[in-house]
Amino acid sequence: MLILLAQVLQGLIIIILSPGLFGLTNWFKASRQGRYRSLSTVWQPYRNLGKLLRLPPIRSQQSGHVFATAPVLVFSLYAGTAFMIPSLLPATLFSDSASVFPTDWITLVYLFGMARFIMALAGLDNATAFGGLGSSRDMFFNFLTEVGLVLTFTALGMRWENTSLTTIVQSYFKDQNSVLLFSPDMFLLLPLSFAILVIYEAGRIPIENPDTHLELTMGIEAGLLEYAGRDLALIKAGEMIKLTVMVALLSHLFLPILNFGDWIKWTGLLAVIAALIAFSFKIIFLAYLLAWWEWRQPKRRLRKADLLALVSIVLSLVAILYNVV
Amino acid sequence: MSSMFSFEILTISMVAVFFLGWLLPIIWKSKLSINSDEQKPTKWLSPQAKIGLILASLGSGVAIFLAVDTMLKNQSPFLRLGFASLQLPDQGDRFFDVKLTLQLDSLARFFVLLIAGFSLLVAIYSWEALRVKHYQPYQQRIVSAFNLFVIATLLSVMAADGFTLLLSLEIMTLAFAYLALYKHNLYEEPNQNTTISNEKRKDARLAPQVYLMISHTSTVLLLATVLLLGLRSGSLEFSAWAGKPEESVLESIIFFLALAALGIRAGLVPFHFWVSLVHPNSPTTTHALSLGIAIKVAVYLMFRFFFQFLVPQSWWGGIVLLVAVGSALVTVWYAISSHDLKTALAYHSIENIGIIVTGLGVALIFAPSGGIAAQCVTLLALLASLYHLMNHATFKGLLYLATGAIDNLTHQRVEFHYLGGLLKLYPFTGGMFLVGAFAISGFPPLNGFISEWLMVQAMLSGANVIKFENDLILFMLVCGLILLVASFALTAFCFYKIAGLSLLGQPRTSEVKRNVEQSWYSEDVGWAMKAPMAFMAGLCMFLGLFPGLTIPFLVPVLGCFPSIDSTLVTTRLSDNFVIQLISSETIINLPIYPVLAFIGASLIITLAWGALRGRKPLQSRVPWSCGSDYQAETTQYTSSAVSFLLRDHLDLAGRLLQRYHRYLVVERERFQSQPAQDAQDAQIAKDADRLPAILSLSHSPDNIQEVLEVFRAGLNVVIHSLLRFSTWLGEKIQNKDIRRYLAYIWWINILILFLFAIMLIDI
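Respectively, the protein sequence lines represent chains A and B. End of the first sequence sits at 1806 in the working numbering; the numbers just go up one at a time, nothing left out. End of the second sequence sits at 777 in the working numbering; the numbers just go up one at a time, nothing left out.
If you're looking for bench data, these hints aren't it; they were derived computationally from the structure. Be aware that a few hints might be false.
So these bits of chain B aren't anywhere near chain A, every CB distance computed over 10 Å [to be verified]:
#1 Lys-64
#2 Pro-91
#3 Arg-94
#4 Val-283
#5 Val-571
#6 His-663
#7 Ile-752
If you anchor each label on the Cβ, the simulated ranges turn out as follows [said to hold, decoys possible]:
#8 A:Ile-1494 with B:Leu-729: 58 to 64 Å
#9 A:Phe-1766 with B:Leu-610: 53 to 59 Å
#10 A:Leu-1669 with B:Leu-737: 53 to 59 Å
#11 B:Arg-738 with A:Pro-1665: 53 to 59 Å
#12 A:Leu-1669 with B:Leu-610: 33 to 39 Å
#13 A:Gln-1525 with B:Phe-725: 54 to 60 Å
#14 A:Leu-1770 with B:Pro-259: 55 to 61 Å
The following residues of chain B were derived to be distant from chain A, with all beta-carbon distances above 10 Å [what the hints assert, rightly or not]:
#15 Phe-79
#16 Met-227
#17 Leu-245
#18 Ser-262
#19 Ile-267
#20 Lys-438
#21 Phe-549
#22 Leu-660
#23 Leu-736
#24 Ile-775
All C-beta atoms in this analysis are idealised placements derived from N, C-alpha and C, irrespective of residue type, glycine included.
Could you put together the complete structure from these sequences and hints?
Laid out in structure tokens, this is it:
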């Protein structure tokens, strides 16, 4: 019961904080680019979402039921994945208990795929040229990232002999000497591979530009053009949750080196606080990295965008090979 | 009581009912002739066809009763219809005794249940679907061929000896070839409108021919397999064929013959092209049976041959795995680049067969090794395979039933550019199709997810078990996993395209609107078509939500295989929803319910908030299209545009072949423009004239493919080269010179004498 409560609480925190993370990334980016920034840059996503939520959705006569129901479904799916990420609290609190909340990564990948599938169908259902344009590109990226995600998680799963995210995180705590954590695949290959996939999944710069206004360069953002009001708010909130979930997975599963729990043998509330602090630091650091990367990178041509996914796949393959040989 | 409902009587009555259903509708001629169009009402079913459908339902009912009855009693009944006069008393069971033997063991029972269930649904569905105009002249023929097809499929699954198996497969082939004639008959009707393109006519003409040739090639190979197995054991009965654990060359030869025969029949790459050519040309009402389940008879035989008659060897598994995964990837790519709803679905069936056979491959890899972990992986892979087989039958059946409804609603125009906006026009049919699309793309909580999850788990567990032991197998498993996941992701793309283009948005041509106005149905299709679709959709939900209730029924099926220890599962099947196959390496539980609960909770909260606090949606008139006038017909994305990114990246082989084709065309034109200088030039000109016609790829909208069917073209090139080579050889051997023929006679005499000499020495 306590585990379930902790899981729910953590999911809610992630959902609530996700626009803040989005705003923080924008703040870092503005600071790198020398644009005007203030504390309000961080709060701006909340304000935008709040305003959009109060506005009524506008739907054209040409669009159908799928277009109308997609935002709610997509938001719920992403919100559901927020409850799935390996729990921060239970892992530190009950690092010995075998039966924890079952979450496996195959389900996670499929849920991401399902949300994208629904968004893509909605893109075709709005009966415009941009909808089809955006959604077909997005499904192409979905093809690349699904393979990449499965392969990266396979490398991780083969290392820790499991598909359950929670159990993998628990094995970090059980790995007392941190021998496995410092091996090159855990330290270098898999984080890099997964970071590339974060960029793909969250639709960030070399693949897609969340701030763009030119439809022809867009991916799924072009499918959102027809949305307004509450519908748009739900989809935007869903994408922010997705970014946060991906970053949280990256920090939790692929950068366990910074999880304090395995170094400091604290227990109880103290361990929770330490883990929370470590988690926030890692998230902020990753947000800064993302902003830095976006500042460095130009937007790539669509036809060149699949190269990065290939890099990710090759990195994961090398990690698997390193595991075995 | 027991004697009245005994296995023998029920089986014979089932066969009799189906044969009656086959014979009656073709012998008893309908009063309405084919060409008297004006007498007929818009919807009409001839009484003969009605009787045929009732007989088909009756026969399927008996088959379902048989399967369920034997399952409850846990029997494996056996029936021998021997021709006793041929059996000499003193010689016992001779190899060439002609007799029909049937059995219902757990594997056969599983398939009989699936086939009979589907034929029952299709019979109910046909009651309504066959009434429309384009089926009216052919109703009786379709119904009679359907009856024959069902009984042949049932018998081929129930067969317990090689002769019965080959016989029933042959009947099945002929019945389906008759069904595949349908489109050809329809197109060549005298008063048919002339909008059908020549390419379509040609495909319709080719379909039965290609089907007969392909399945007879398969039959020849299967005959060789059956004879070898018979020679090995001295009997044609399955019970005598059980494999002995010995690694001889003969075993491998039998395996490869069986793989080739069954692979061709199941449509594995490179022989997948016949499926997409033949099935779209058969009546859409029978698709749910023919592509949903009857094509899996080959997979059923793979189960029997690989795990029961042969003793599995690891390296066979690797080959099966690579072939299967390659098939899945190649065919899903072809499905994405199809222009036609039925063609795309036909290709996609092979993708699913690839996934099912992948499970077989993994099981073959791990079956020979003795450890408990490896045994668990084998079981898991086989379970995944069986589960996916059942799932595919369900959701593909649903999709085909919905496609049949769309086919009737849109007057047989199922190319994507004639569709669009069907969900709004026909909410029930469209909704059912959408449910099928979600299920087949493998999204929770529908059934596709469960089997894909099991399959990925099986491969991962396998990789974990093998990782420090055998690098080659590990490499194969990882490669297989990559390709398999790629094909899963491409399935989502494929159904995004299929469902999106046909159901969503606005109609893509004005023809759709005209069809709606002239529709044969007032609103949506009738209840007889709706009920089977709803049943299938419910089954998709059930299989997706309650795998824990389904898997206990699948486990006994695995009991058929002597090399597999199915008790491992039964002892470890614990909760309702948690499958636990626990060994040190494989820990598996199905973690879908909590996630679904969270998603459902957030769905309810969001919806409730929107209903309570949110403002009502506004409706604008037209979507924005960069300031120009909005036109639904021209602004929406087309099917080629949707698949462009993938085609552009991956169509290497097609581009190469096209370049070769262009070279041949240029050569031909060069030789045609100038007269041949000498004999050699003339020969080259003649060769260039014999271009494989299939290599031409026109971009007309009626062409069903956006890309070249490489394998079909490649096979054509091979056949043409063989033809040229044999012509050349024949001209060398038969050069009309008497001295050459005398020399042949001389050498043959020498050879005969030589053979005699060897025999004499032997004696």
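Verification of the supplied hints:
no. : hint                                  : result
1   : Lys-64                                : 37 Å, holds
2   : Pro-91                                : 41 Å, holds
3   : Arg-94                                : 47 Å, holds
4   : Val-283                               : 19 Å, holds
5   : Val-571                               : 24 Å, holds
6   : His-663                               : 7 Å, violated
7   : Ile-752                               : 67 Å, holds
8   : A:Ile-1494 with B:Leu-729: 58 to 64 Å : 60 Å, holds
9   : A:Phe-1766 with B:Leu-610: 53 to 59 Å : 34 Å, violated
10  : A:Leu-1669 with B:Leu-737: 53 to 59 Å : 58 Å, holds
11  : B:Arg-738 with A:Pro-1665: 53 to 59 Å : 56 Å, holds
12  : A:Leu-1669 with B:Leu-610: 33 to 39 Å : 36 Å, holds
13  : A:Gln-1525 with B:Phe-725: 54 to 60 Å : 55 Å, holds
14  : A:Leu-1770 with B:Pro-259: 55 to 61 Å : 58 Å, holds
15  : Phe-79                                : 38 Å, holds
16  : Met-227                               : 35 Å, holds
17  : Leu-245                               : 43 Å, holds
18  : Ser-262                               : 33 Å, holds
19  : Ile-267                               : 33 Å, holds
20  : Lys-438                               : 5 Å, violated
21  : Phe-549                               : 23 Å, holds
22  : Leu-660                               : 6 Å, violated
23  : Leu-736                               : 38 Å, holds
24  : Ile-775                               : 58 Å, holds
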